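Listed below are the residues making up each chain.
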Amino acid sequence: MQFRCVRGMMSASVLLGGFLLSFGVEAQPTQLAQNDVRQMSIEELANVAITSVSRRPEPLAQAPAAVFVISAEDIRRSGAINLPEALRMAPNLEVARMNGFGYTISARGFNSPESSNKLLVLVDGRSVYSPLASSVFWENVDVPLADVARIEVISGPGGTLYGANAVNGVINIVTKDSADTQGALLDATAGSADMKVMARYGFTPWDGGSLRLYGQVSHANNTSPLSALDTTRTAWARNQGGFRLDQKFDGDSLTLQGDIFANSTPAMELEHARGYNLSGRWSHDLEGGSSLDVQAYVDENARILPLLAREQLDTFDLQAQHNTALWWNDTFIWGGEYRHSKEAFFSKVAFGFANPVTHLDIENLFAQDSFNLFDNLKVITGIKIENSSYSNVDFLPDLRFSWSVADNHMLWASVSRAVRTPSKIDRELELPGLLLPAPRFHSEKLTAYEAGYRGQPLADLSLSVSLYYNLYDDLRTDHYTPVTVVPIQLRNGITGDNYGVEAWAKYAVTDWWRLSAGANWLQRTEHLKPGRVDLTFGQSLGQDPPYQAQLRSEMNLLGDWEFDSALRTIGHVKARDATTGNTKVLVGAYTELDLRIGWHMTSATDISLEGFNLLHQRHLEANDPSTYAPQYVPRAFMLNLRQSL
Amino acid sequence: MRSSPLVLGLLGVILVSSARADVSLEYAVKAAYLPKFVPFITWPDTAFANPAAPVTICVLGPDPFGGKLEQTVGGLKSGDRSIAVRHLPASDPSASCQVIFVGNADAAAAEGTLGAMKGKPVVTVTDSGLKTHGVISFLIEANHVRFDIDDAAAAQSGLVISSKLLGLAHAVRQRGQP
Chain A
181 MQFRCVRGMM
191 SASVLLGGFL
201 LSFGVEAQPT
211 QLAQNDVRQM
221 SIEELANVAI
231 TSVSRRPEPL
241 AQAPAAVFVI
251 SAEDIRRSGA
261 INLPEALRMA
271 PNLEVARMNG
281 FGYTISARGF
291 NSPESSNKLL
301 VLVDGRSVYS
311 PLASSVFWEN
321 VDVPLADVAR
331 IEVISGPGGT
341 LYGANAVNGV
351 INIVTKDSAD
361 TQGALLDATA
371 GSADMKVMAR
381 YGFTPWDGGS
391 LRLYGQVSHA
401 NNTSPLSALD
411 TTRTAWARNQ
421 GGFRLDQKFD
431 GDSLTLQGDI
441 FANSTPAMEL
451 EHARGYNLSG
461 RWSHDLEGGS
471 SLDVQAYVDE
481 NARILPLLAR
491 EQLDTFDLQA
501 QHNTALWWND
511 TFIWGGEYRH
521 SKEAFFSKVA
531 FGFANPVTHL
541 DIENLFAQDS
551 FNLFDNLKVI
561 TGIKIENSSY
571 SNVDFLPDLR
581 FSWSVADNHM
591 LWASVSRAVR
601 TPSKIDRELE
611 LPGLLLPAPR
621 FHSEKLTAYE
631 AGYRGQPLAD
641 LSLSVSLYYN
651 LYDDLRTDHY
661 TPVTVVPIQL
671 RNGITGDNYG
681 VEAWAKYAVT
691 DWWRLSAGAN
701 WLQRTEHLKP
711 GRVDLTFGQS
721 LGQDPPYQAQ
731 LRSEMNLLGD
741 WEFDSALRTI
751 GHVKARDATT
761 GNTKVLVGAY
771 TELDLRIGWH
781 MTSATDISLE
791 GFNLLHQRHL
801 EANDPSTYAP
811 QYVPRAFMLN
821 LRQSL
Chain B
2 MRSSPLVLGL
12 LGVILVSSAR
22 ADVSLEYAVK
32 AAYLPKFVPF
42 ITWPDTAFAN
52 PAAPVTICVL
62 GPDPFGGKLE
72 QTVGGLKSGD
82 RSIAVRHLPA
92 SDPSASCQVI
102 FVGNADAAAA
112 EGTLGAMKGK
122 PVVTVTDSGL
132 KTHGVISFLI
142 EANHVRFDID
152 DAAAAQSGLV
162 ISSKLLGLAH
172 AVRQRGQP
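Protein sequence lines, in the order shown, are assigned to chains A and B. If you count the first sequence from 1, you need to add 180 to reach this note's numbering. If you count the second sequence from 1, you need to add 1 to reach this note's numbering.
For the record, the hints were derived by calculation from the structure and aren't laboratory data. Accuracy of the hints is not assured; some may be wrong.
[What the hints assert, rightly or not] Calculated cross-link-like contacts (lysine-lysine; reagent style BS3-like; alpha-carbon spacing at most 27 Å):
| hint | chain 1 | residue 1 | chain 2 | residue 2 |
| --- | --- | --- | --- | --- |
| 1 | B | K37 | B | K78 |
| 2 | B | K78 | B | K132 |
| 3 | A | K686 | B | K78 |
| 4 | B | K132 | B | K121 |
| 5 | A | K625 | A | K522 |
| 6 | A | K356 | B | K165 |
| 7 | A | K428 | B | K132 |
| 8 | B | K37 | B | K119 |
| 9 | B | K119 | A | K686 |
| 10 | B | K165 | A | K686 |
If you're wondering where the values come from, they're calculated on a predicted model, not measured in any experiment.
Using the sequences and the accompanying hints, generate a full structural model.
Pasting the structure below:
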């Protein structure tokens, strides 16, 4: 930010000698980014962006927050065939596969299709969070994995800079600049349970510009049901294509990208989904080292369930931020976002909406300042003021500290407030006589206290430990009328706290063998507020295992061979049965293993053989019959080819 | 306001005191690259004093890595040899270096060093700000640190560079090319 200004003065000043470049380059990357760099391979080093073009602080570089970054190499070495499978690598996420196409993902609790509404998911700055159900339909979010640069997974409130509903976490999927994906690439996978073919071509249409085009076709097979009476077939067919154009000129960069998709499944009487999106980003350097970023996008998608309903969601979003400094050693970022959605839901069954078409707005203004209080103590203070069609103005402050205790060790702490705004279903779903709409249903609230350590306790070991204590209020309940039970109405009847620990480590055993480990542990106590009842016995609280742990190993053998493995163990999920109220085990604890053997056949060809979920023929990961009939996840084998031309 | 001497002075204080912690990500990446090149390069036996001698990376002139290079190298080995780092104030032909990193600080001295090292089994690595290039030269492209390899110069110096490293380079001047 003041880089240019400072550099100009530097050359005139004798004091500064060899440390010219060291100050002010992009929000002062700390020791920690450098230590992560140390363990990277040559390929990964070539992909490190040394300053962020958007001046948005690189979370890994300095964030006093629980951030886990999944790199492009991590994705390739895991053999993940789609985005949710790649997200399993983040130790601070809960990922549960429900059936052929469905996944439910959350952070710090609340995982189930009904309740995983506290996670903001962005693909290149475009939100894929649905305002209909306050959740993410993962089956309709696909990004060609070979073109993903990295996935940033932040658990905890996203803080001031990320958009609305970043309550328990933010998943930020960033695709590669088209200048980095030149030439032709074929990424094809075929196996016992899934198939995917992606073809991409990148070229330089004119000076300073780069363009890539891609097409992807994929298919996931049916999975076997838990109950003998369940005849749903949950196979999923997906067709998607898109482009990304990047243009760079003096001090400015411009990106235009878009995708179009059409998916279908035999489930729910042949559900179809289709849509497109188009987004543009402009990053402009201003005088004095500050910069301006503007992004706008349009996203239209439709889901058709022939006998049940038809949904059409059209979204327009405009956001801007100005990165500058208020005095000589801080970074000041401020900006705002406006999003307008037209959510149309036409129901063919009894449950529906009195107004099928709703126009929803959500807008916010934010400001954040980060500065050094003492030599080693950095303070980040921010505020976001948010308003939506379904909620009043909310003030969401965020305060973070990071303390560089020693050269390779940092401690951080934070306190922040976040809200989950009501969805259309929360507010307006009704079934005359049975379910009333809930015009007074308001936002769910969170006050989060977090602290953590990040550093290098040994030369080859990097470690991150985060602790959190979340105080929730106004979580959703199904309120029923005494005696008659119906009508039911949604209310904000639960309050409570969660606390837990998330930890991960990377260890370079030798220069050809790397280990990474991760774990999280979650404790929850929620209770009904005085005078409140909940018909579903806490269904909105989700289904979460009390612990998860994983160990990954990557070995480079004999020059051209790779041997990778991933072992994970997930605790059992206990919840109160929505009908009887009795606590029971819904999903047993399980341990699973994935293995991959890769061969770098030529400099342009990589072949790999992958086995997933090898320890059991099939296992259960999620069990919420009120949303989807529970189905097993199978053992699978796949063969993958990546060929560049 | 920004050009006032008071602010300059204050900045100087901040800089000097924070310099210990703040080597830019760019130089951390370069420091990470250097020891990783070593396993891909074969030196003639004459380049080493004895079979147990370490592969020595010499940094000429002021240290742009702020001590990061020693930290990155610590404990790494290439085959049977360990990797060591030395700092030399000026080109010193008697020092046993297998890799010499030439920084941006003094372009004229850099040219002299590269001239002196021609034909010697030393991998000269030039920083991204220099116009003259060594066997390996860093460059910044589209916000990333990349490297070019002059395999022809390597051949003249009796060095063999693995095709795997050549494949990872941004641009390669092949052996046998003028």
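Hint by hint, here is what the structure shows:
Restraint check: the Cα-Cα separation between K37 of chain B and K78 of chain B comes to about 10 Å, which is no more than 27 Å; the hinted pair holds. Of the supplied pair hints, the one linking K78 of chain B and K132 of chain B is violated, its CA atoms being roughly 32 Å apart against a limit of 27 Å. Between K686 of chain A and K78 of chain B, the direct Cα distance comes to roughly 20 Å. Compliance with the 27 Å bound is thereby established for this hinted pair. A distance of roughly 21 Å separates the Cα atoms of K132 of chain B and K121 of chain B; the hinted pair therefore holds under the 27 Å criterion.
Of the supplied pair hints, the one linking K625 of chain A and K522 of chain A holds, its CA atoms being roughly 25 Å apart against a limit of 27 Å. Between K356 of chain A and K165 of chain B, the direct Cα distance comes to roughly 23 Å. Compliance with the 27 Å bound is thereby established for this hinted pair. Proximity of K428 of chain A to K132 of chain B is assessed by CA-CA distance (about 24 Å); at most 27 Å being required, the pair is judged to hold. The hinted pair formed by K37 of chain B and K119 of chain B meets the criterion: a straight-line CA distance of about 23 Å does not exceed 27 Å.
With a C-alpha separation of about 41 Å, the suggested pairing of K119 of chain B with K686 of chain A is violated against the 27 Å cut-off. Restraint check for K165 of chain B and K686 of chain A: the C-alpha separation of about 26 Å stays at or below 27 Å, so the hint holds.
When held up to the earlier numbered hints, the structure conflicts with 2, 9 and fits the remainder.
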